[in-house]
Amino acid sequence: MVTLVSYIIVSAALLGIGVYGLSVKRNAMRILFAIEIIVNAANLNFAAFTRYLNPPQVSGQVIVFYSIAAAAMEAAVGLALILVAFRLNNTIDVRKLNKLKG
Amino acid sequence: MALIDIPPDLTFVALAAVTIIGAILALQARELIYGAVALAISFIGVAGFFVSLDAPYLAMLQIAIYVGAIVVLILFTIMLVRREVGEEAKDSPQSGEGSVGLWLAGLLSLAISGVAALAGPNMPSTLPSGSLPVSELGPTLATQYPIPLIILALLMSATLIGALVLAKVER
Amino acid sequence: MVVFPPTTPQEVIALILYIITSHTFITIIIFPGFIHLTLVVMFLTWYERKLLARIQLRIGPLYAGGPGGILQPIADGVKLIFKEVMIPYKADKPLFLAMPLMLVLFAALPFAVIPFGQHWVIANLEVGLVFLFAMTSLFPSMILIFAWASNSKFPFLGGLRSLFQQVAYEIPMWVAALSVVMLAGSLNLTNIVEAQSKIWFIVPAFLSFIVFFIAIMAELERLPFDLPEAEPELVAGWFTESSGAVFMVIFLGLYMKVYLMSSLVTVLFLGGWWGPAFLPQPVWFIIKTLIVATFMIIPRGVYPRLRVDMLIKTGWTRLLIIALANVFLTILLIHSGILSAWGI
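Chains as they are written, first to last, in the numbering used here: chain A, 2 to 103; chain B, 196 to 366; chain C, 3 to 346.
Heads up, a few of these hints could be off.
Per label pair, the in silico range of CB-to-CB distance [claimed, not checked]:
1. Leu361/B with Pro90/C: 26 to 36 Å
2. Ala212/B with Lys100/A: 38 to 48 Å
3. Ala314/B with Ile333/C: 39 to 49 Å
I should point out that these hints are in silico values taken from the structure, not numbers from a laboratory.
Using N, Cα and C, we set each Cβ at its ideal position, and we do this for glycine too.
Construct the entire structure; sequences and hints are all you get.
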């Protein structure tokens, strides 16, 4: 039987995977993947609570709509930043991108 | 044709498997492009969750924006930041970091799941009656949340200009 | 009576008969599903070659059995199956072989929401139009992955150009369809067609129709938007390295997209299945779709190719402005009540 708790568990698992990627990976693209996974986990959580509220409200869906749009914008700017960092330092290993010069 | 009823548990478990395995593969795959494809599959899994949560419009929006735009951007950037064919920034974590990350992530998700499961009896377990029709989303956005909508539009313009300025090649 | 799970042979036969004559099975497998799709797409390839040949003052396929070479697509298919599938050196084999199949999958999937008649739709989604556009937005990424997996310069450049072009023309397409959604008041394709019972939406939303048609021709990479496969420059664009069965699958996917977009134009602007009652509704739908496909094939033999920067600039600036103008015009038309005579 599918309850609200099952959706929260899936969302928490996705959050855990995202946090693992964010803290361990060195490639800037993988860190971006991890950020997107975390945002998706949050969206899933919002949508689940929206549905299981009594009575279901549509404002939860408004939040998810907004979140999807905001995540798209943030991914665009993040990717532009990665491009610029690659052009200047010829690497996207975040351990090496630790100097403000250049 | 109501001969065969697929129990909702089966779809839930299948979608959860697709989403979580896609997310794990996105971070662990050897090549970045395989990771991007796995991420796209994970996003489609989340869209499936939205469909099962009575939000079909959000599901289609998720596919159109995430898989249709963000994954395209990601692929495009991956292809532009390769140094030579077949070489990626080596991703294997150094000595203690992988296990620390795993512990951190595992404890975090376990904590949240534990809190949720402990509060389980007080949480709604059956779907409340009532529906979320698509035709309500537009009017709600326009009448109850007009200012966030305008701010979103301004934010999008700022993002567009910012990304263009950042990625411009100086000639 | 039909029993599930069946135990005796009579019950098995009764179950099979029940399934075969059920509406779901007929719509999914026969019409407008699998068999109809394959037949019409094959017919469309022959039709395009014949039409283009007559425009270019030649004859086209003639010998492949039947009058006028009608079995030519089958002959092409058989030939392509027997050719060797060459996978380039160091190409990414799983992605190279999987992406054409995904292309065909996502080109055929939106047919589930297109209504060929009042009850001839496989899945009457409330958000049918957005589902279709979501599936359409998946194509650029699959083309890019396929082009990258070919591990060669011409396909890669062709894939990038194709990506730019298709992404640039998606937004005018969405905004043009927005006018139609406003006129019909629903995202459900069946409701959109039913709202056109008195007047086809091409009349109030004429500018939108023009923008949508041009945007579709650019999405499908047909001339004059043909640069991703310009022969003197890029050999064959993003599918240069495909041969044999891979090419056949891609070819089928392209023509399936043509049929999909033509039927979308029919649903949104040309009144779907409405027509005088002496022909059944699906027949009217297919006739209108083939007329739209004809008007998509004719420019291929008539116009020269657009340069890539002109192409992309047109998509982002001029078409988008015309589509937005039409949205405002539609708002004015609806609120002023001019269209109330036709029930809008």
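For each hint, the structure was consulted:
| no. | hint | in the structure |
| --- | --- | --- |
| 1 | Leu361/B with Pro90/C: 26 to 36 Å | 34 Å, holds |
| 2 | Ala212/B with Lys100/A: 38 to 48 Å | 43 Å, holds |
| 3 | Ala314/B with Ile333/C: 39 to 49 Å | 48 Å, holds |
Checked against the numbered hints listed earlier, the structure breaks none of them; every hint is satisfied.
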